[in-house]
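Number of protein chains: 2
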Amino acid sequence: MPRVGLNQQTVVREAARLADEVGYRQLTLAALASRLGVALPSLYKHVRGADALDQKLSALATAELATEMTTAAVGRAGGDALRAMADAYRGYAHRHPGRYPATQRVPDPADPEHVAAGERAVGAIFAVLRGYGLTDDDAVDATRALRSALHGFVSLEAAGGFGLPRDVDRSYHQLVAGMDVAFRSWPRPRGTVDQADQQ
Amino acid sequence: MPRVGLNQQTVVREAARLADEVGYRQLTLAALASRLGVALPSLYKHVRGADALDQKLSALATAELATEMTTAAVGRAGGDALRAMADAYRGYAHRHPGRYPATQRVPDPADPEHVAAGERAVGAIFAVLRGYGLTDDDAVDATRALRSALHGFVSLEAAGGFGLPRDVDRSYHQLVAGMDVAFRSWPRPRGTVDQADQQ
DNA sequence: GCTTTAAAGCTAGCCATATTAGCCAACGTT
DNA sequence: AACGTTGGCTAATATGGCTAGCTTTAAAGC
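If you're matching them up, the sequences are chains A and B in order. Per UniProt numbering: the first sequence = residues 1 to 199. Per UniProt numbering: the second sequence = residues 1 to 199.
A few of these clues could be false.
With the C-beta cut set under 8 Å, the calculated list includes, among others, these residues of chain B facing chain A [what the hints assert, rightly or not]:
1) Ala16
2) Arg17
3) Leu18
4) Ala52
5) Asp54
6) Gly123
7) Phe126
8) Val140
9) Ala158
10) Leu164
11) Trp186
Hints in this document: simulated from the structure, not taken from any laboratory. Note that the Cβ used here is the ideal one computed from N, Cα and C, for glycine as well.
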């Protein structure tokens with residue numbers, strides 16, 4: 001029995017590829033093992049189990065997504081940065097339909113790389129929102145709002161939730177434009193007034 | 001062997017209760033059968049299988065959610081209606097954490113009640129948006145945007161995706177306020193100008 | 001170059017879940 | 001009272017995940 005020469009990285013990467021092909025929920029240890037030319041229990045030499053694989057896949061996908069979001073926003077500001085980042089977000093979900101759902105898993109505190117990836121992703125959004133003059137609590141609220149809008153749209157789209165013939169790309173751009181409008185005059189419950197209000 | 005006296009409705013309703021208790025993904029035919037005091041295969045006399053149960057649960061939950069959304073918006077208009085409906089939406093997800101995910105399943109064309117429930121839910125949103133002067137394509141885009149925002153927030157919240165200490169209720173209200181702002185000046189890509197712009 | 005040893009692979013076997021087939025008893029109808 | 005429908009059952013199969021424990025590879029050390 002010649003060795004295949006796997007390691008954790010190989011296994012997780014192949015899992016990512018497989019998930020994109022067959023779908024996140026169809027990603028199974030059995031399918032992954034057969035894809036890697038190995039018996040199922042052999043995977044346990046590299047991954048603790050199905051849940052651990054899931055977590056590692058999440059770390060991988062989150063890191064990739066964070067990088068693409070960051071790259072998209074670089075050198076841009078305001079609505080420009082917002083649109084670029086939003087397009088990158090949805091683009092990633094389209095190109096990696098199996099990896100994308102994994103990005104929604106909460107980072108494992110025991111996995112520093114996972115935590116770092118999550119922070120990079122949120123940090124990218126934070127940076128864009130700073131361009132709207134949003135900081136502190138406002139930025140937290142706005143970040144949650146943007147994540148909600150983008151994730152909600154992408155996941156409804158993936159689920160086939162948009163039945164009407166109306167162009168989905170256009171709806172997405174409208175959503176992003178709407179968020180842009182909202183961020184320009186983001187409600188400030190405590191009566192805060194900052195630079196962004198004056199412009 | 002005395003008969004328990006089940007029927008499809010009993011089974012689906014108990015599934016909904018069980019899902020709320022143990023979580024949507026932990027809803028299993030085995031658990032449901034034992035809850036109903038019946039052997040697992042007996043469920044097949046009332047439901048075609050796990051997927052069919054899921055679909056029926058979706059129909060039930062969607063109908064409930066649609067009713068609550070509609071009720072909340074009745075007698076209100078504009079931002080008032082929007083806030084009431086948004087609160088009803090999130091409230092339902094909180095009170096029924098196991099049913100809520102089922103509402104995201106696309107209605108089964110073969111189940112008229114399911115389809116009708118989905119239409120009622122979307123119709124409720126449509127009605128609220130009419131209060132903003134949004135119709136036709138604009139209303140389709142705005143409906144998708146609102147569904148995305150509400151679903152995204154609720155699902156991120158349920159997944160534990162909001163780690164920071166910042167109050168989640170407040171963030172939600174900010175999101176809804178942001179959508180209100182967006183709908184008031186909803187972008188019109190084709191240069192359309194209607195009544196709502198004049199006010 | 002030979003020995004040693006960590007680890008990468010294997011087989012076998014278990015549990016949970018879903019599903020189908022086919023049997024039997026309860027109960028409503030006649 | 002007989003009958004047929006139907007709601008329950010047991011048994012058996014398939015898939016997925018997991019553990020235990022064995023074997024062999026291949027790298028490290030002498």
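Results for each hint:
Taking 8 Å as the C-beta cut-off, the interface hint given for Ala16 of chain B is violated, the closest approach to chain A being about 20 Å. For the restraint placing Arg17 of chain B at the interface with chain A, the shortest Cβ-Cβ distance is roughly 25 Å, beyond the 8 Å limit, so the hint is violated. Against a cut-off of 8 Å between C-beta atoms, the interface hint on Leu18 of chain B is violated, since the closest Cβ of chain A lies about 21 Å away. With 8 Å as the threshold, the beta carbon of Ala52 of chain B stays out of range of chain A, its nearest partner Cβ sitting at about 18 Å, so the hint is violated.
A least Cβ separation of about 13 Å between Asp54 of chain B and chain A goes past the 8 Å threshold, and the interface hint is therefore violated. Hint on Gly123 of chain B is violated. Least Cβ distance to chain A is approximately 13 Å, over the 8 Å limit. The beta carbon of Phe126 of chain B is not positioned within 8 Å of any beta carbon in chain A (closest approach about 11 Å), and the interface hint is therefore violated. Given hint, Val140 of chain B at the interface with chain A, holds; its Cβ is 4 Å from that chain's nearest Cβ, closer than 8 Å.
Taking 8 Å as the C-beta contact cut-off toward chain A, the hint placing Ala158 of chain B at the interface is violated, the least distance being around 10 Å. Because the closest C-beta pair between Leu164 of chain B and chain A is about 6 Å apart, less than 8 Å, the hint holds. Interface hint at Trp186 of chain B: satisfied, since its Cβ lies 7 Å from the closest Cβ of chain A, which is below the 8 Å cut-off.
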